[in-house]
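Can you make the complete structure from the sequences, with help from the hints?
There are 2 protein chains.
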Amino acid sequence: MSVQGLSINLATVRPQFGFAAAVDACLAQGITAIAPWRDQVEAIGLDAAARIVEANGIQITGYCRGGMFPATDPIGLAAAIDDNKRAIDEAAALGADCLIMVVGGLPGTSKDIDAARAMVADGLAAVLPYARACKVPLAIEPLHPMYAGDRACVNTLEQALDLCDALGAGMGVAIDVYHTWWDPKLRSQIARAGRKGQILAHHICDWLIPTRDLLLDRGMMGDGVINLKLIRADIEQAGFHGAQEVEIFSSENWWKRPGEEVIATCIERYRTVC
Amino acid sequence: MSVQGLSINLATVRPQFGFAAAVDACLAQGITAIAPWRDQVEAIGLDAAARIVEANGIQITGYCRGGMFPATDPIGLAAAIDDNKRAIDEAAALGADCLIMVVGGLPGTSKDIDAARAMVADGLAAVLPYARACKVPLAIEPLHPMYAGDRACVNTLEQALDLCDALGAGMGVAIDVYHTWWDPKLRSQIARAGRKGQILAHHICDWLIPTRDLLLDRGMMGDGVINLKLIRADIEQAGFHGAQEVEIFSSENWWKRPGEEVIATCIERYRTVC
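Going down the list, the sequences are from chains U and Y.
To convert, note that position 21 of the first sequence is 13 in this note's numbering; the numbers rise steadily by one, no gaps.
To convert, note that position 26 of the second sequence is 18 in this note's numbering; the numbers rise steadily by one, no gaps.
No lab work stands behind these hints: they were computed from the structure.
Do not take every clue at face value.
No copy labels: a pair is met if it fits in one copy or bridges any two.
DSSO-like mimics (lysine-lysine), calculated; alpha carbons at most 27 Å apart, straight line [claimed, not checked]:
no., residue 1, residue 2
1, K188, K177
2, K221, K103
3, K77, K188
4, K188, K221
5, K188, K127
6, K77, K127
What follows is the structure in structure tokens.
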């Protein structure tokens, strides 16, 4: 039986499965959409991964990830730009709907977040023409403010959309409920993104109370405090009807369970609480 | 030797000192401004605390804390309002510059953050006339978005100022760098707050990388990534010249050191990095 509208970000089953086994496990439960990470693709090889995708009619709802622009010197920024172009090539080879951009935090010992944000804008502008030529949309994923220092200095949907507007065609956003659910401007900014067709991806999981680790304690949908149905309704109202992509980093819970159980739980929760 | 412009929030030395000992330890190093918590005042008794404050010419830069409005039923909200009036009485008795409002998160098992925010607005409106009569300004402290679920559903300075504008005279904000440093709109919202004289307090500490605990791993000024001098310059530019109040929750580091050392370090860092 096919499960329409649900995608599994392969970080969700990272310890359990490599790329090929993850695809098999998803297909076995009727899921035909995934979002792989670069290291997972590299482990099997880009050509082999692309063949698996093609042969099985898999949709790649996003390729994780580009970004990480801020650097301590121009050489570092240039290297990041080159690496992003390779990520765009890979996304194109896989036929990904978009390349997810986790833009990067403060470089080195910097305390200058304005400068980091400027480097992000410069880096995106530098790779965007290449992305356009490859027909790979770039999806800025605003990360939760608790990652502003070390992972991404784009921290609200409004800020991400301001960047998209400044950069122009080929840019959009990935709206992950984990990063954005708290935002008092979430609803208005989802509507804003919809008006320009800038919503490229919708990621789901849940915010646990208590959250025991800043990075690796995301919850399964329904186990936390996020009103998933409401956010989904806003996103559909804004014109995005693509898959909901489950992305859960959970070192002490879901990463310790059998991958088949994790996928089955994603499906059950997708049908009941999303 | 007196240390002008520095206040010690007594949470910073919570395990080391009760109220009276904390005041003694601050005075011994020339600090004449503090911000106590309700439980610390209750432990010694309000009258005794007020006498110590009066006798030593102590400035109370803020009283911690009111708020926590959202409740699962009207009885709960009414109880919160009553409790906030008692906190206002205590703040008045101590001559506090303001009552810090940590507004509360989602009540019970609720996933409705809009409803929680509405209860916060209702609760503040209900206590504001009493606060005005007692001449105790109410300082909404927007908390970091990682506390939206369990501690405070007011999570940006912009959101707090929107609330202040809606509520009117007697309302303002406490700007804590820990909660706000990441915000792309921080500078513009500090300027906005300044135009209406709404800045009531300025709290400092630092954001550590990595941060090992969501609540109890705040850093000493200078040990993290926050550009403290820049934020202070913006706050002074906006017209607030009150004390910088050190508020550090640090279960594995500063709470384990001698209180005198913690206070001495606050002074040294205040003079060098703030």
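Results for each hint:
1. K188 x K177: both (17 Å within a copy, 23 Å between copies)
2. K221 x K103: Cα proximity of K221 and K103: across copies only (11 Å, versus 38 Å in one copy).
3. K77 x K188: Within. Shortest intra-copy distance 25 Å satisfies the 27 Å Cα cut-off; inter-copy 48 Å does not.
4. K188 x K221: Classified as within: same-chain Cα gap 23 Å, cross-chain 39 Å, threshold 27 Å.
5. K188 x K127: within (18 Å within a copy, 49 Å between copies)
6. K77 x K127: within (12 Å within a copy, 60 Å between copies)
Violated hints: none; the structure is consistent with every hint.
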